[in-house]
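> Sequence:
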Amino acid sequence: MVILREVNLPIILQIVPGLAFGGLIDVFVDVFTNLGLPTLMGHYLEQLAFTLLGMVVLSLGVFFEVNSRSILMPGEGLVVALTLRTKKPFGKLKMYTDLTMVAVALVISLLYFQGLVGIREGTIIAALFTVNEAEQEQTEHRIGDFPLAIYHRILDRTRNDELMWHWHEEFQLTFVLSGTLELSVGKETYQIHEKSGIIINSRRLHHAVPLTETAEYVCIDFSSHFLNEQLYQSTIKPLQDKQNFICRLLTLAPHQQAILQEIAETPQAYNFLKIYELILSCLNEIGNSPASSEKKEDQDIYQLLNFVHQNFQQDITVAAIAQAYTNQSPMNYTIDYRLLKAKERLLETEETISEICFASEAVSEEVCGGCLEYT
Numbered sequence: 000m001v002i003l004r005e006v007n008l009p010i011i012l013q014i015v016p017g018l019a020f021g022g023l024i025d026v027f028v029d030v031f032t033n034l035g036l037p038t039l040m041g042h043y044l045e046q047l048a049f050t051l052l053g054m055v056v057l058s059l060g061v062f063f064e065v066n067s068r069s070i071l072m073p074g075e076g077l078v079v080a081l082t083l084r085t086k087k088p089f090g091k092l093k094m095y096t097d098l099t100m101v102a103v104a105l106v107i108s109l110l111y112f113q114g115l116v117g118i119r120e121g122t123i124i125a126a127l128f129t130v131n132e133a134e135q136e137q138t139e140h141r142i143g144d145f146p147l148a149i150y151h152r153i154l155d156r157t158r159n160d161e162l163m164w165h166w167h168e169e170f171q172l173t174f175v176l177s178g179t180l181e182l183s184v185g186k187e188t189y190q191i192h193e194k195s196g197i198i199i200n201s202r203r204l205h206h207a208v209p210l211t212e213t214a215e216y217v218c219i220d221f222s223s224h225f226l227n228e229q230l231y232q233s234t235i236k237p238l239q240d241k242q243n244f245i246c247r248l249l250t251l252a253p254h255q256q257a258i259l260q261e262i263a264e265t266p267q268a269y270n271f272l273k274i275y276e277l278i279l280s281c282l283n284e285i286g287n288s289p290a291s292s293e294k295k296e297d298q299d300i301y302q303l304l305n306f307v308h309q310n311f312q313q314d315i316t317v318a319a320i321a322q323a324y325t326n327q328s329p330m331n332y333t334i335d336y337r338l339l340k341a342k343e344r345l346l347e348t349e350e351t352i353s354e355i356c357f358a359s360e361a362v363s364e365e366v367c368g369g370c371l372e373y374t
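Take the sequence shown: its position 144, counting from 1, is numbered 143 in numbering that gives the first Met the number 0, and each next residue is one higher.
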């Protein structure tokens, strides 16, 4: 019912193994009970150890089940459906749905059995702390002695994978190997298809999500100083400082595609000469970049993000951000700014104090008083 419009034959067929799986659980519970296994595990610590072992096995099962995108059991199928509908991470929704099921089972047990049946602390522990490896992004980090990093990523739309908004000092090259990637740079959004890519300038906000079921891509972050200092000053720095260069879409030539394929297939033996060739050929494309619409105030977001990154564990308010960058509260800063503009008008125009005070919808006693004091 959660994704009724997307119901298809494979989803309907999952009912059969789901019923079989439930029946097998009941059968094996009876088998282990008849074997006296609960008696053999009479000590509490032994029971806890088996619970933890079961959590590990369950985690692996969920990982292979969800990542294979084959038949899903009802529990994981519900979470995947909710993930597609709400766009929330699989791991968090998995924990919430498990806790909800535990709560429902607890209520039923108390109402009909007047006690706890089949629910104990192990049930709660498993719901809270079962490791959900399916939530993790498939990323390989390859950083050698060279001033660059290479990432080979696969983003899965069914897991709601995404590359969070971020920025860094390095240039970034992103090339899609399969699928389609939606990549946002600042206020612009681009669709990067297979065998195409994009180069992003230093210190530019960017974010990515897969548009197809999966999107596989190679990302190369390289320092602006990846060449010697003389070439940096004469060639790279002018590109880095170029106001109309935020990013540029790239269509890969056959030899560039070959280099990317080699990067993806041989991560343990990178040919850095070819990688440098790829970077330089892409940098040569920047000269034809379209004009940028980014304004000076757009750059201020980087400072705000830095403040959030450094203080994310604290309570963050607008007042705290304003205090960090202006040493004033937002209201005091606003009053001072209004006063400055009022004084400029008083000096540069023939307007009277009254006209200046009442020209703005946000009239304040401080502005009028400041104008009188200034005169």
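Wrong hints could be hidden among the right ones.
Lysine-lysine pairs mimicking PhoX-like chemistry, simulated, CA-CA at most 25 Å apart [what the hints assert, rightly or not]:
hint	residue 1	residue 2
1	K241	K186
2	K273	K194
3	K194	K236
4	K273	K236
Computed spacing ranges between beta-carbons, pair by pair [to be verified]:
hint	residue 1	residue 2	range
5	T188	T351	19 to 29 Å
6	E354	W164	17 to 27 Å
7	H254	T188	28 to 38 Å
No lab work stands behind these hints, which were simulated from the structure alone. Even for Gly, the Cβ is constructed at its ideal location relative to N, Cα and C.
> Now look at each hint and say whether the structure bears it out.
So, going through the hints one by one against the coordinates:
Distance check on the hinted pair: K241 and K186 sit about 18 Å apart at the alpha-carbon level, within 25 Å; holds. Simply put, K273 and K194 have alpha-carbon atoms about 17 Å apart, close enough for the 25 Å limit, and the pair holds. A distance of roughly 28 Å separates the Cα atoms of K194 and K236; the hinted pair therefore is violated under the 25 Å criterion. For the proposed pair K273 and K236, the alpha carbon gap of about 22 Å is at most 25 Å, so the pair holds.
For the hinted restraint 19 to 29 Å between T188 and T351, the CB-CB distance of approximately 49 Å leaves it violated. For E354 and W164, the hinted distance range of 17 to 27 Å is not satisfied, since their beta carbons lie about 44 Å from each other. Between H254 and T188 the beta carbon distance is about 29 Å. The supplied range of 28 to 38 Å therefore holds.
In the structure shown, a violation is registered for the earlier hints numbered 3, 5, 6, in ascending order.
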